[in-house]
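*Asks:* With the hints as your guide, set chain B onto chain A.
Keeping their order, the protein sequence lines are chains A and B.
Going letter by letter, the first sequence gives residues 1 to 159 in my numbering.
Going letter by letter, the second sequence gives residues 1 to 190 in my numbering.
A portion of the hints provided could be inaccurate.
Said to hold, decoys possible - Partial list, computed: chain A residues near chain B (C-beta under 10 Å): (1) Leu11; (2) Met27; (3) Arg34; (4) Lys39; (5) Gly104; (6) Thr106.
As the list claims (entries may be wrong) - DSS-like mimics (lysine-lysine), calculated; alpha carbons at most 30 Å apart, straight line: (7) B/Lys2 - B/Lys65; (8) A/Lys28 - B/Lys133; (9) B/Lys6 - A/Lys35; (10) A/Lys23 - B/Lys68; (11) B/Lys65 - A/Lys35; (12) B/Lys106 - B/Lys68; (13) B/Lys68 - A/Lys135; (14) B/Lys133 - A/Lys65; (15) B/Lys68 - B/Lys2; (16) B/Lys41 - B/Lys133; (17) B/Lys65 - A/Lys25; (18) A/Lys134 - A/Lys39; (19) A/Lys39 - B/Lys68; (20) A/Lys28 - B/Lys63; (21) A/Lys21 - B/Lys106; (22) B/Lys173 - B/Lys63.
Honestly, the hints are just simulated from the structure, not real lab data.
All residues carry an ideal CB built from backbone N, CA and C; glycine is no exception.
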Amino acid sequence: MVTVLTIYGLLAVGLVVSLVKSKEKTMKAFMIARKSFFKTAPSILVVLGIVGLTLGILTPETISKLVGAEAGIMATLIAALLGAITLIPSLVAFPLAGSLLRSGATVMTISAFVTSLVMVGFVTAPMEIKELGKKFTLLRNALGLLAALLIAFVMGVLL
Amino acid sequence: MKAFFKQFFGVLVLLAVYLVLAIVRMDWAVQSSQVTWDYLKEMVLILPPVFLLMGLIEAWIPKNKIQKWLGSGSGLKGIAISFALGTLPTGPLYVAFPMAGALVRKGASHTNMVVFLGAWAALKIPQLMVEIKFLGIAFTLLRFVLTLAALILMGLLVEGVLHRFPDKQWLEKGEEQAEQSMMKTRKREV
Numbered sequence: 001m002v003t004v005l006t007i008y009g010l011l012a013v014g015l016v017v018s019l020v021k022s023k024e025k026t027m028k029a030f031m032i033a034r035k036s037f038f039k040t041a042p043s044i045l046v047v048l049g050i051v052g053l054t055l056g057i058l059t060p061e062t063i064s065k066l067v068g069a070e071a072g073i074m075a076t077l078i079a080a081l082l083g084a085i086t087l088i089p090s091l092v093a094f095p096l097a098g099s100l101l102r103s104g105a106t107v108m109t110i111s112a113f114v115t116s117l118v119m120v121g122f123v124t125a126p127m128e129i130k131e132l133g134k135k136f137t138l139l140r141n142a143l144g145l146l147a148a149l150l151i152a153f154v155m156g157v158l159l
Numbered sequence: 001m002k003a004f005f006k007q008f009f010g011v012l013v014l015l016a017v018y019l020v021l022a023i024v025r026m027d028w029a030v031q032s033s034q035v036t037w038d039y040l041k042e043m044v045l046i047l048p049p050v051f052l053l054m055g056l057i058e059a060w061i062p063k064n065k066i067q068k069w070l071g072s073g074s075g076l077k078g079i080a081i082s083f084a085l086g087t088l089p090t091g092p093l094y095v096a097f098p099m100a101g102a103l104v105r106k107g108a109s110h111t112n113m114v115v116f117l118g119a120w121a122a123l124k125i126p127q128l129m130v131e132i133k134f135l136g137i138a139f140t141l142l143r144f145v146l147t148l149a150a151l152i153l154m155g156l157l158v159e160g161v162l163h164r165f166p167d168k169q170w171l172e173k174g175e176e177q178a179e180q181s182m183m184k185t186r187k188r189e190v
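Isolated chain A (complex conformation) (with noise of 0.2 Å):
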């Protein structure tokens, strides 16, 4: 609700001060958007498609199943490699994390998760491609990746 209320008023505000300055760059900014959005339409749709995939079939009583069973290093990589492929959104996520926590999945384990999926963005990669291109999307996801078993491992020995 707050994330639509503030584009929204941003839009608004932007909007009416391209409006008031020139009616023929606001025009131009809706073509823009137009052509954009129609552009990226098809990869929309299917990150909406995988989206549903991995959340219809990988539900948070899954997700728990698979972490919270076993401890040590295989834990931590399929929490990492989880992280990766789901897209959970943080208020669902945080309350899995945390009960993760407290049924005994390691700390090494319960991080890993939780970076690699603010870092790791697999489901949304086909939009990545289209507006960055495939060899920035596929570094940044894959060093995210190392970067969220790194941090697991730090954060692992220091709490």
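*Replies:* Just chain B, lined up with the frame of chain A:
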């Protein structure tokens, strides 16, 4: 027809996957469609204004300004601006991609875009509140600091690699589009 097929190839593949799933595991197919529907509703509400905002940015903010603030010479200031932009409470990551795309086309550096996207996904202020509540302040703070450091390193690395091995295919596509739009405006002016 061929172009249409190429553009919607991914969508068609996914439709096939859903169909197969409906035959093999009906319950998974139902759950998945439900989630897709929920997200579709959210995106329909959020994406049009995002693209319009992007259009406004492209139409109004001159290239040299973006280059100065977020280009490869912007240094620490550029990183700080990207970080600040990313932490604003403005929604899910898929909103950030079109924005990052627009900024790159205006001359923002890859380092800054990695920091921007990373901060957007990992270091959002409202999200941190939720994290503190469920995982504790020590966990959240440590993850915040480590993630920020990792993002800056990742950004520098990505920039370095792309500088040495540029994404030619993608760059060419961008230039083609820029040329096309230039020709169009020229025609209109004539």
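*Asks:* Give a verdict on every hint.
*Replies:* Evaluated hints:
1. Contact between A/Leu11 and chain B, as hinted, is supported at the beta carbon level, the nearest pair being about 4 Å apart and thus within 10 Å.
2. A distance limit of 10 Å between C-beta atoms decides the matter here; for A/Met27 the minimum to chain B is near 9 Å, and the interface restraint holds.
3. Of the supplied interface hints, the one on A/Arg34 holds, with its beta-carbon coming within about 8 Å of a beta-carbon of chain B, less than 10 Å.
4. Restraint check, A/Lys39 versus chain B: the minimum CB separation of about 9 Å is within 10 Å; hint holds.
5. Interface hint at A/Gly104: violated, since its Cβ lies 15 Å from the closest Cβ of chain B, which is beyond the 10 Å cut-off.
6. Contact between A/Thr106 and chain B, as hinted, is not supported at the beta carbon level, the nearest pair being about 12 Å apart and thus beyond 10 Å.
7. Distance restraint check for B/Lys2 and B/Lys65: the Cα-Cα separation of roughly 40 Å exceeds the 30 Å cut-off, and the hinted pair is therefore not satisfied.
8. For the hint linking A/Lys28 to B/Lys133, the alpha-carbon distance of about 45 Å lies beyond 30 Å, and the restraint is violated.
9. Taken as a hint, the B/Lys6 and A/Lys35 pair is honoured in the structure, with Cα atoms around 18 Å apart against an allowance of 30 Å.
10. At most 30 Å may separate the alpha-carbon atoms for a hinted pair to count; A/Lys23 and B/Lys68 meet this at roughly 27 Å.
11. Between B/Lys65 and A/Lys35 the alpha-carbon distance is near 24 Å, which keeps this suggested pair within the 30 Å criterion.
12. With a C-alpha separation of about 10 Å, the suggested pair B/Lys106 and B/Lys68 falls inside the 30 Å cut-off, and the hint holds.
13. With a CA separation close to 24 Å, the supplied pair B/Lys68 and A/Lys135 stays within the 30 Å bound.
14. At most 30 Å may separate the alpha-carbon atoms for a hinted pair to count; B/Lys133 and A/Lys65 meet this at roughly 23 Å.
15. For the suggested pair B/Lys68 and B/Lys2, the alpha carbons sit about 42 Å apart, so the restraint of at most 30 Å is broken.
16. As the CA atoms of B/Lys41 and B/Lys133 are separated by approximately 28 Å, the hinted pair is consistent with the 30 Å bound.
17. Distance restraint check for B/Lys65 and A/Lys25: the Cα-Cα separation of roughly 18 Å lies within the 30 Å cut-off, and the hinted pair is therefore satisfied.
18. With a C-alpha separation of about 16 Å, the suggested pairing of A/Lys134 with A/Lys39 holds against the 30 Å cut-off.
19. At roughly 28 Å between alpha-carbon atoms, A/Lys39 and B/Lys68 fall within 30 Å of each other, so this suggested pair holds.
20. Between A/Lys28 and B/Lys63 the alpha-carbon distance is near 16 Å, which keeps this suggested pair within the 30 Å criterion.
21. Pair hint A/Lys21 plus B/Lys106 holds up; C-alpha atoms about 21 Å apart against a cutoff of 30 Å.
22. A distance of roughly 19 Å separates the Cα atoms of B/Lys173 and B/Lys63; the hinted pair therefore holds under the 30 Å criterion.
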